[in-house]
Every structure is written in structure tokens, then in C-alpha cells.
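Participant: Here the protein sequences come in this chain order: G and B. So for the first sequence, numbering that gives the first Met the number 0 puts the first residue at 0; every next one is plus one. So for the second sequence, numbering that gives the first Met the number 0 puts the first residue at 0; every next one is plus one.
Derived from the structure by calculation, the hints contain no laboratory data. Any given hint could be a false lead.
Put simply, identical chains are the same to the list, so a pair is met inside one copy or across any two.
[Said to hold, decoys possible] Straight line, CA to CA, 20 Å or less: simulated DMTMM-like cross-link-like pairs of lysine to aspartate or glutamate:
#1 K184 / E80
#2 K252 / E297
#3 K213 / D294
#4 K94 / E80
#5 K256 / D2
#6 K184 / D86
#7 K75 / D164
#8 K94 / E22
There are 2 protein chains.
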Amino acid sequence: MNDVLIIGTVALDTIETPFGKVENALGGSATYASFAASFFSKPAILSVVGKDFPNEYIDSMKKRNIDLEGLKVAGKTFHWEGFYEYDMNEAKTRKTELNSLEHFKVDVPQEYKNIKYVFLANIDPEHQLEALNQMNKPILVVLDTMNFWISHKKNSVLEAIKKVDVLLLNDGEARQLFNTANLVKAANEALSLGPKAVIIKKGEHGALLFTKNKHFSAPGYPLENIRDPTGCGDSFGGAFIGYLAKTKDLDEKNLRKSIVYGSVVASHNAEDFGLNRLKQLTMDDIEKRYKEFQDMREF
Amino acid sequence: MNDVLIIGTVALDTIETPFGKVENALGGSATYASFAASFFSKPAILSVVGKDFPNEYIDSMKKRNIDLEGLKVAGKTFHWEGFYEYDMNEAKTRKTELNSLEHFKVDVPQEYKNIKYVFLANIDPEHQLEALNQMNKPILVVLDTMNFWISHKKNSVLEAIKKVDVLLLNDGEARQLFNTANLVKAANEALSLGPKAVIIKKGEHGALLFTKNKHFSAPGYPLENIRDPTGCGDSFGGAFIGYLAKTKDLDEKNLRKSIVYGSVVASHNAEDFGLNRLKQLTMDDIEKRYKEFQDMREF
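Make the full structure from the sequences, and use the hints.
Facilitator: Listed below in C-alpha cells is the structure:
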């Protein structure tokens with residue numbers, strides 16, 4: 000039974016980092032998020048690809064038990080081309096071809112409407128709002144976004160924030176959206192809009208959770224070799240909501256655990272290009288690194 | 000009985016941040032470090048000031064029980080003028096007048112030579128090496144430095160690193176010194192030079208401790224109002240070595256606790272200009288925030 004619905008992009012990515020290059024690799028926010036969620040739960044995705052989308056990519060998603068009933072096929076697949084420089088912290092975009100995403104009309108399949116855990120992964124905020132609108136009383140709605148939407152559709156992003164339980168942002172986006180260098184101020188502003196929790200993802204520096212009067216700081220994992228950080232934020236979000244859907248416990252304490260599971264999966268994701276690492280990842284790998292996270296914050 | 004020796008600068012600082020300005024305020028690496036250390040131990044400092052150095056600054060150092068036997072008086076006091084912009088992460092220097100520091104000749108007073116905990120705080124690495132050379136078998140030597148010395152006297156910095164037990168660096172300095180964007184690689188390179196522990200200070204993102212095969216990640220404290228970050232790194236180092244000197248325990252576990260005490264004092268330091276906050280700080284404030292650090296790490 001599907002227990003997490005993820006709306007987001009499914010893409011063909013061309014990525015260059017100081018460690019290599021891949022062309023037309025399987026990518027997109029819904030893809031990374033659903034791979035990550037699939038270790039804990041049974042995700043269904045809502046997205047669109049083109050007729051050019053390779054069958055082997057469909058197969059690799061099915062292998063992870065991702066429900067593709069909500070994956071439409073029309074036109075040409077969304078294509079993103081980007082690169083990372085020396086510091087690997089920020090993706091630089093070379094080209095964005097929206098293609099079939101441009102005319103994507105959100106239409107939640109009947110059998111998805113009662114899914115209780117909803118991840119509005121990175122995609123046009125109007126698509127996120129429309130998907131949410133079609134759902135029947137979800138228990139938990141998590142929202143992610145990116146600088147592009149904050150720049151171009153800030154009002155829709157803010158409208159979406161008001162309707163969700165958990166907001167995910169990276170540090171740069173939090174600063175941009177709330178026009179402050181101070182992440183505590185940004186998080187408090189975000190909380191005042193409605194979400195019960197705000198999570199600020201800081202890449203190698205870990206992640207922060209802000210709830211009313213509480214603060215949690217998850218460590219970053221000390222990776223000696225980061226080959227490709229693409230999809231780390233999406234993987235984080237997918238594993239986060241996947242673990243919550245599995246445990247059905249929304250207490251502060253379990254939110255913290257979910258964030259660490261998100262960090263564990265995201266840190267693995269950066270170890271190889273595209274989805275190569277998540278395709279090989281096992282629950283043993285995840286639990287082993289979770290224990291390392293416990294050890295490295297002990298004092 | 001003095002139990003921590005700190006060599007570093009004592010300065011008159013002119014600082015501007017988005018929240019205000021101070022002129023000729025008490026500053027310098029040895030000053031911040033000794034104030035911070037004084038909450039846990041009895042620090043002695045080795046430095047120089049000019050004849051223009053205000054008596055009230057001497058008094059405020061004496062109030063914290065800082066031994067000033069090793070503070071020479073000659074010429075004019077070292078003066079630093081700097082400012083911080085929007086993001087408050089990086090001090091920008093407007094003016095550096097070395098003055099009496101330029102002719103500073105290190106001469107460790109006889110009664111300091113047996114002090115067992117030595118902090119080579121930020122100052123010319125040749126001064127650090129000379130001070131260390133005059134000491135009798137210290138138990139623990141901690142080294143701090145800054146980008147200026149890495150740029151201008153890299154060989155002396157590397158020579159000093161080879162002779163110490165613990166190296167403190169901020170993230171930018173670690174990347175600069177070892178020519179890599181990856182902090183894990185930088186830390187491993189530093190460890191291979193000799194230190195048993197490398198601590199990378201990351202400002203608002205906390206601090207990392209690397210020892211052989213072990214890793215600790217200390218959280219940053221979520222400060223909503225940072226008024227002046229000047230001296231945070233020095234305060235961190237001072238509290239770190241002060242707590243170690245007090246507890247006389249160099250186990251990995253106690254190193255971790257010392258780092259959290261360092262973070263606690265440094266986070267307080269940023270709350271007001273110059274040494275204003277540390278002048279008012281109490282052990283109760285410190286223990287209270289230490290508990291907050293514990294809580295925000297729990298999962």
C-alpha cells in the first residue's frame with residue numbers, strides 16, 4: 000500500500016563535477032526523493048516524462064517499488080544540465096529545458112488521494128498547491144522548493160508554505176526568502192507563516208530543525224570524497240518523510256531521528272554520480288551510518 | 000597557580016558591524032583567549048602593549064585573574080581596524096598597525112616556564128615557535144593561526160603545526176593551508192603532520208574534531224542576534240584549553256566536552272561588542288548554555 004505521495008520532477012540530467020561527467024542520467028526531485036523514501040516506505044510519484052524517457056530508468060524505479068501510476072508521458076523529458084566547481088556546494092545551471100513539464104497538468108490519481116504523507120518536492124509551486132488541493136486530509140505535508148521559484152514565484156511559494164506542516168529549505172534559500180543573513184531569524188519567520196517545523200539543510204554542515212521553542216542540530220557527515228551532490232536535498236526530504244510514514248510518529252524526538260535518516264541517505268547519495276549510489280544502497284549501510292551519526296555527536 | 004600560558008596579541012580594536020561601532024576597544028587574541036580561559040583556569044599571558052594602553056583595560060584583565068607578568072610595555076599598542084558586512088561571517092580588515100608587536104621579542108618569564116598547558120594563540124608563527132622553544136615540557140600545546148600568516152609565513156606555520164598536540168583552524172584557513180575544498184582531506188593532511196587532534200571551527204556551523212579514526216561534530220549555537228563576532232575563535236580556544244587544564248584529562252571524550260565549552264563561551268562572546276559580554280558572563284550562564292548544547296544534539 001502506497002504511504003508516501005511525492006510530487007516533483009523526473010528528469011534527464013547532464014552533470015559535470017571535478018570528478019567526472021554523466022549525460023542524460025536519471026534525475027529529478029521526485030526521482031531522488033522516491034528512491035530515498037523507498038528504503039522506509041512505499042512511495043508513489045506524481046510527475047511527467049517524455050516519450051524519450053528510457054525504459055531502463057522506468058525499470059530501475061520499479062525495482063525500488065516506486066508506484067508510477069501518477070507518472071504521465073507526454074512530449075520530451077525535462078532536461079537539466081549543470082556543473083559543480085571546486086567547492087561542490089552549489090550547483091551551477093548550464094541549461095534548463097522544461098519540455099513536458101511546461102504543460103504538466105496536475106491530476107492526482109484517485110487511488111493516491113488518501114495517501115497520508117505528502118512530499119511536495121521541488122517543482123513549480125503552483126503544481127505543488129494544485130496537488131495538495133486534490134488530496135484528502137493528509138496527516139503530514141512536507142514542502143521543498145529552490146532559489147529559482149523563490150526568485151520567480153515568491154508569492155506562490157509563500158502561499159504553499161502557509162499550507163504545509165514542515166518546510167524544507169537550504170540555508171541560501173532561507174536567507175533569500177526571508178531577506179536575512181541570520182538563519183534563526185529566517186526560521187522564526189517561516190514558523191510564523193504556519194508550518195510546525197522548519198528544517199534548514201546546510202549540506203556538509205548538517206541540518207537544523209526549528210520547532211516552537213526547540214532547536215535540533217544534526218551533524219553533517221564527514222565525506223572525504225564527494226563525487227556528485229546532485230539530489231542530496233531531495234534524497235534528504237524523501238528519506239525524512241519515508242521514515243516518518245513508516246514510524247507514524249510526529250513527535251519532536253522522531254522528527255529528529257527522521258532528519259538523521261535523511262542526512263544518512265543524502266550523504267550516501269553524494270558518493271557517486273546520479274542515482275548510482277542509491278541504487279546499490281542497503282538498509283545495513285543506512286543503519287551503520289546512522290550509528291556513526293550517533294557516535295560523532297556524543298559528548 | 001597559573002595553569003595556562005597564552006601567547007598572542009593584546010590590541011586596541013576599532014570594529015564596525017551592522018549593529019554598531021566601537022573605537023579602541025580592548026581586543027587581541029591573547030586577551031579574548033585569556034578572558035575565556037579564566038572561567039576554568041588561571042591564565043598567564045605573554046604579549047606586548049604600548050604606553051598608550053589604558054589602565055582600565057589592565058584592570059579589567061586583572062579582574063579576571065589573568066597574570067600579566069609576561070605583558071611587556073613598549074612603544075604603541077597594536078591596533079586593528081575592521082568591519083563586518085551583512086553575513087557577519089568574515090572580518091574585513093581596514094587597517095593593521097603592528098606598532099610594538101613589530102619589535103616584540105619573546106622572553107618567557109622564569110615562573111611561566113613550567114606551565115603545562117600552552118596556547119599559541121594567533122600571532123606571528125615565529126613568536127609562537129620561540130615561546131614554545133622556551134617552555135619546559137608542556138603537557139598540551141594548542142596552536143591557532145590565521146589566513147594572514149598562512150599567506151605570508153606558510154613555512155613557519157607548518158613548522159609550528161609539527162610541534163603541537165592540537166591544531167585549531169577555521170574552515171577557510173584549513174582549505175587555504177591544505178589547498179583543498181574538502182575539510183576531511185584538510186584535517187587528515189593536518190593530522191599527518193603530527194598533531195593528535197585537529198579542530199576546525201566553522202562559526203555558526205559549529206566545530207569539527209578530527210583525531211585518528213574518530214570524528215566529532217559540535218553544533219553551532221542558534222544565535223538570533225550576533226552583534227560582533229570579533230574574538231570568537233580566540234575565545235573558543237581559550238575556553239577549550241582552560242577546561243582541559245582544569246580537568247587534566249586529555250581523553251577523546253573530554254576533548255569533546257572542552258570543544259562544547261569552547262563553543263558555549265564563543266557564542267556568548269558574539270552577543271556584544273568586544274569583551275563586553277565576557278566581562279559580564281558567569282559560570283551559571285556557561286553551564287546553562289552547555290545544557291542547551293546537550294539538548295539540541297539529542298536524537
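Participant: Look at each hint and say if it fits the structure.
Facilitator: To see whether the hints hold, each was checked on the structure:
no., hint, result
1, K184 / E80, "neither (34 Å within a copy, 28 Å between copies)"
2, K252 / E297, "both (16 Å within a copy, 8 Å between copies)"
3, K213 / D294, "between (22 Å within a copy, 9 Å between copies)"
4, K94 / E80, "within (5 Å within a copy, 44 Å between copies)"
5, K256 / D2, "within (19 Å within a copy, 42 Å between copies)"
6, K184 / D86, "between (27 Å within a copy, 13 Å between copies)"
7, K75 / D164, "neither (34 Å within a copy, 59 Å between copies)"
8, K94 / E22, "within (13 Å within a copy, 50 Å between copies)"
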